[in-house]
Amino acid sequence: MGLTVLAVDDSRTMRDMIRMALAPAGFTVHLAEDGVHGIEVLEGISPDAIITDINMPRMDGFGFIDAVRDQDAHRATPILVLTTESAPELKMRARNAGATGWIVKPFDPAKLVKALHMVAG
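In the working numbering, each residue's number is its place in the sequence shown (first place is 1) plus 314.
Treat each hint with caution, since some may be false.
[Said to hold, decoys possible] Straight-line distance between alpha carbons at most 25 Å, and here's what the computed SDA-like set of lysine to any residue pairs gives: (1) 419 / 407; (2) 428 / 407; (3) 425 / 327; (4) 428 / 418; (5) 405 / 417.
Source of the hints: derived by calculation from the structure; they are not laboratory data.
Sequences are here, hints too, so could you generate the full structure?
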């Protein structure tokens with residue numbers, strides 16, 4: 315049985331890359347364009363893990379993580395931050411908000427699959 319993942323990124327290319335990395339590995343992938351859309355998509359699914367970018371319009375990754383953690387149903391859902399940012403203070407802020415891990419773009423598809431299995435498996 316594959317894992318279900320919600321990936322939130324404002325880049326269509328990045329969403330496509332995430333789907334192409336995860337679908338062949340047996341993941342069910344739900345996609346959202348930003349934090350606001352991510353919360354809307356989340357209402358209809360129960361993902362094993364969530365991937366989010368940081369820099370997005372309408373609601374950034376930090377706001378999205380906060381909004382996810384405010385929901386009882388998703389308080390313990392693993393959240394991986396997938397971003398071009400690598401500053402230690404941003405990583406700390408994401409951890410404090412409730413992120414489980416941090417992956418810097420460009421990502422290695424095999425490592426992303428492995429990381430998701432580690433946090434959600």
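A quick look at each hint next to the structure:
1. 419 / 407: holds (18 Å)
2. 428 / 407: holds (24 Å)
3. 425 / 327: Satisfied, since the Cα-Cα distance of roughly 19 Å is no more than 25 Å.
4. 428 / 418: holds (15 Å)
5. 405 / 417: holds (10 Å)
Comparing the model with each numbered hint stated earlier shows that all of them hold.
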